[in-house]
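Asker: With the hints as constraints, model all of the structure from the sequences given.
Number of protein chains: 2
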Amino acid sequence: MPLTSYTALQTAFAADIRGAANRAHIGKIYRASMEFLAKAQREPLRSLIPNKEYFAFRMGTKLSRPVNAALFVKRTGEWDKLDNALQRKSLSKLNPDQVTRIIYSVAMAFCCFIDLTKDRDQKTPGTFFEYLIGHLFASHLGVNPITRIQVLNLDMETWLPTDFIFDLGKDRPKFHLPIKLSTRERIIQVFAHQRVIDGVFGTERFLGTPVILAETKRSVARRDVTEICVPDQCRVYQLHMAQLKRLYYLDVPATYEKLNHVFPPIVVKSFGHFFFEADTLSA
Amino acid sequence: MPLTSYTALQTAFAADIRGAANRAHIGKIYRASMEFLAKAQREPLRSLIPNKEYFAFRMGTKLSRPVNAALFVKRTGEWDKLDNALQRKSLSKLNPDQVTRIIYSVAMAFCCFIDLTKDRDQKTPGTFFEYLIGHLFASHLGVNPITRIQVLNLDMETWLPTDFIFDLGKDRPKFHLPIKLSTRERIIQVFAHQRVIDGVFGTERFLGTPVILAETKRSVARRDVTEICVPDQCRVYQLHMAQLKRLYYLDVPATYEKLNHVFPPIVVKSFGHFFFEADTLSA
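Heads up: the sequence lines are chains A and B, in that order.
The first sequence maps to residues 1 to 283 in the working numbering.
The second sequence maps to residues 1 to 283 in the working numbering.
Hints were generated in silico from the structure; no laboratory data involved.
Each statement offered as a hint is correct.
Put simply, identical chains are the same to the list, so a pair is met inside one copy or across any two.
Capping the alpha-carbon separation at 20 angstroms, the derived lysine to aspartate or glutamate pairs in EDC-like fashion look like this:
id, residue 1, residue 2
1, K123, E185
2, K258, E157
3, K217, E185
4, K258, D155
5, K174, E204
Here the structure is a predicted model, which is why all the values come from computation and not from measurement.
Answerer: Structure follows, in structure tokens:
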């Protein structure tokens, strides 16, 4: 059962976020989810996004969220490749697209399992995605994150709760890592948190590198899949609120991809790239 | 039926937001909601907030959101006093606390009607509250709001969707009016929108005056009422993100009240004060 391993992950997660034990739990959750999904039907959806195909898993009357057909890998053995690479601390046998597909599939398999077995449960998929990305980021950087930072300011002393913060040590930038299943029109929050951190600690002390699963939405009545994006607003936020170093997606939205080509650009990439550029980002 | 008048308000609202026709619809919704609630029971709740008492309306198995006993007026005739005062453009016979109680009661009566007749409907109460506050603000200022502003910036031209914006004309500040039933830990959004507007148009061009109903929360299992507030974070946002001119509440949270007394202060007031200080704010 995926939920047995998920409970084990929940219990173990915080003790050593980057630890191999967490990755072992994630692997078990993934395999159990795929075993469950093997019994479900795959129903094609009508994609309104150019050059992307989506399907949903069906079981009885329940239909899962949309799954990107090109990103969802069939064999769970792919995960073992990433697992081994992280264990060996060398991803040289993999490439960014492959890593993106593996992580997308692990995230999506568990999300769809929850979609087919629970009612309106958004919290469990969201928390699992935080565990998954938080662990992979920590494992690759070799550092455990913190989730709050101290604000000392003349007569004021307070703690600011944050998304994951990775401190690589003196004279190196720190990472600020918001993790979301989707942001839609709430993407302003990601820029807002970056703004506060820039304001409190100074610009460029923290690199903002949010990781988001996708911006897809399936219309309830019909089988249509769209992406809810606000590219013009993102440009205004990047100019007037705070600068994100990267906007990582597992399923990069078509309209956000174009933000790479405006000036000044917002660098939007699939998350697999992180594992091949992390050293240069933090140099 | 409250919903008949609500549908009429929805249809009419945008045509002339400050118009007396909207206030007539609001009055009908309020009276119909109170007639409905007269058939419901009032069930005391256990308030964990010092010096505040709350009850909920009950009908069958359904229980409404928490209602502040001291703010919820019994007689619908109170609304007519505010209605007449706005018509005459003189609130001299009223005081801020009285105005706050009237508006609180109108908002809460319809919210509780929806709580007792619908399942999980958060959208209708939220939209009604936007209509109510948007109309009252517009009526008092004598100006209709807009909900998007144009960003012109060298080679960039785009529209930024906003909450209500009131333009009082050249050489006077404009109002930026976010309207929310509650914000809880999402209050960063209010500061974030102000930051974007300050960034695009310059500081102090727009006065940020959010109006929020309450921050109360009833625990589902028990009958406890608490307020979800993040005062320390608000201070950090006010210092490092953007300055709000006022934080107006209908039911001012106890811990936010204290923000008036820290330095630098955030001015938190009950919304009734707006009608007596709007001239000096925009001077």
